[in-house]
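Novice: Chain by chain, the residues run as shown.
Number of protein chains: 2
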Amino acid sequence: MSITELQAFISQFKNELEKRLPAFLEKLECPDTLKEAMLYSVNAGGKRVRPLLMLAAVQSYRNVEESDYAVACAVEMVHTYSLIHDDLPSMDDDDYRRGKPTNHKVFGEAFAVLAGDALLTKAFEVISSLKELESHNKILLIRELAKSAGAEGMVGGQAADLEGEGKDLSLEQLEYIHHHKTGDLLSFSVVAGGILGEAPDNDMDYIRGFARELGLVFQIKDDILDIEGDSIEMGKAAGSDECREKSTYPRLLTLDGAKEKLITHADNAKEYLRSVSGNPLLLEDFIHYITERTK
Amino acid sequence: MSITELQAFISQFKNELEKRLPAFLEKLECPDTLKEAMLYSVNAGGKRVRPLLMLAAVQSYRNVEESDYAVACAVEMVHTYSLIHDDLPSMDDDDYRRGKPTNHKVFGEAFAVLAGDALLTKAFEVISSLKELESHNKILLIRELAKSAGAEGMVGGQAADLEGEGKDLSLEQLEYIHHHKTGDLLSFSVVAGGILGEAPDNDMDYIRGFARELGLVFQIKDDILDIEGDSIEMGKAAGSDECREKSTYPRLLTLDGAKEKLITHADNAKEYLRSVSGNPLLLEDFIHYITERTK
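In the order they appear, the protein sequences are chains U and S.
Residue numbers for the first sequence follow this note's numbering, so the first one is -3 and each next one is one higher.
Residue numbers for the second sequence follow this note's numbering, so the first one is -3 and each next one is one higher.
If you're looking for bench data, these hints aren't it; they were derived computationally from the structure.
Nothing here was measured: the structure is a model prediction, and the numbers come from that model.
Even for Gly, the Cβ is constructed at its ideal location relative to N, Cα and C.
A hint or two may mislead.
Where chain S lies over chain U, by a calculated footprint (3+ residues, C-beta under 8 Å) [claimed, not checked]:
id, segment
1, 27 to 36
2, 96 to 110
3, 113 to 120
4, 124 to 133
5, 152 to 158
Please construct the entire structure, taking both the sequences and the accompanying hints into account.
Specialist: Structure below.
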């Protein structure tokens, strides 16, 4: 397996995901504006890293099946809800996301809040409604998702990030924010792939370790790209964290220090994969893909 | 059973609920402000109609057990999240709720959004983590909750309500809003009580019918109280819907017409209960309790 093969996997499965994701929402019987607001953000593109990671984790144990897509779509709904709420004027106050006006710029704040609420709720409905999965596994997925997305996970990370704005954070505080704000939902994605692929219990700890390290790699790379990246490719202004006086890895560790840390965590992630009993070649390639991405 | 006995049930179980509800949140490991914001609204009082209805529905089949409280707390978390988000400046823009400053007035808009998000997510975690319940029943509860709370339920109702502000609505549109905005989560509460109490399948349709009618009774009474109620007892200004030019039952049907409609739906609710095989005396008393409440 090589980066080229991973890219083939990504473009095939991204396409499959992007066909199914809006289909869950189009059939909703609800006020039109609400549905449009949900679809707008779900269809706004993006790398689809979380659902693709989930499918790559499944693929370490068996071929991807139809029900896997549903869980992958659910995690993308949760990610999309978090972006809509994070972009609100009272939060990060972003006007653009992926080069397009943010949800509240198009539908107003009230509908942006509601579209986010509805996407989060829909994710739990999608998983609980899956016919192909045993109740026991559905409950495992729902519990993991709720923990990863809630006060002790993603929402907690966003709260800590807001509190930290304009302050000088320690490396420990910065890692807390990233572990939760970005890392927990990435971890869920990989762990969910393990649950769906019925990974042996022994594997699950390694999968969690891999996911945690990969989450850090993802975030450090994000901070580096914020300095070095191309605004057009990234869909947001390079240096925007700098403007907002946000604590970042390059700020705390210098740019070279951040790059070194990126390599350390990428190596740790690879190390965890060595202990996995399945065939996690795609996951390994994901490490390179994330380390070397330019947007 | 009489209203007095129902009141004894309510004060006993309300107390038990209000001990357990904050306990789920106090042990969260998350940023302090987020936890305080969640606790503030959860501890802000209220009638606790939804969890009490759930326990009354359980009591129609067997005595209340510890795990029932957890599901009852979960529905109160979802209700509390919806109040926090509905009160936001971009939504109903309310400064007071139950006589206290609303969440965003105390913690700011960003934390109000996040506290709501975290409460919604926690509700799903609480149900999925219940050890005493079989996975199959947990999945039933989660699916019902997600449907009732999401785009086709409560969030859809709030969206329709926002769109309808300042417009003359038909009775059909007003009923759509109330069925979803208030009715669906009330219905969930009763249905969840039936699931927890392992009501026979035959009963579930009658329970749903009862819950739907009771939701309408609740909302019509709310509209009547908005005109006739005592501001201090209600914790918000009487006539506030009138000021905001909201469509209400008295506006569409006259005050007498609304009172007549209240009686019709209360009778329908009673009729459904007659077909239930359990012993739904508390549920029957709930109809009187809601019809005759003064706040």
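Novice: Are the hints correct? Go through all of them and say.
Specialist: Tested hints:
With 5 residues bearing a CB less than 8 Å from a CB of chain S, the segment 27 to 36 of chain U meets the requirement of three and the coverage assertion stands. Check on the segment 96 to 110 of chain U: 6 of its residues sit with their Cβ under 8 Å from a Cβ of chain S, so the three-residue criterion for coverage holds. Residues of the segment 113 to 120 of chain U lying with their CB closer than 8 Å to a CB of chain S number 6, which satisfies the three-residue condition for coverage. Counting residues of the segment 124 to 133 of chain U whose C-beta lies closer than 8 Å to any C-beta of chain S gives 5; at least three are required, and the coverage claim holds.
Restraint check on the segment 152 to 158 of chain U versus chain S: 5 residues with Cβ-Cβ distances below 8 Å, three needed, restraint holds.
In this structure, every one of the numbered hints holds.
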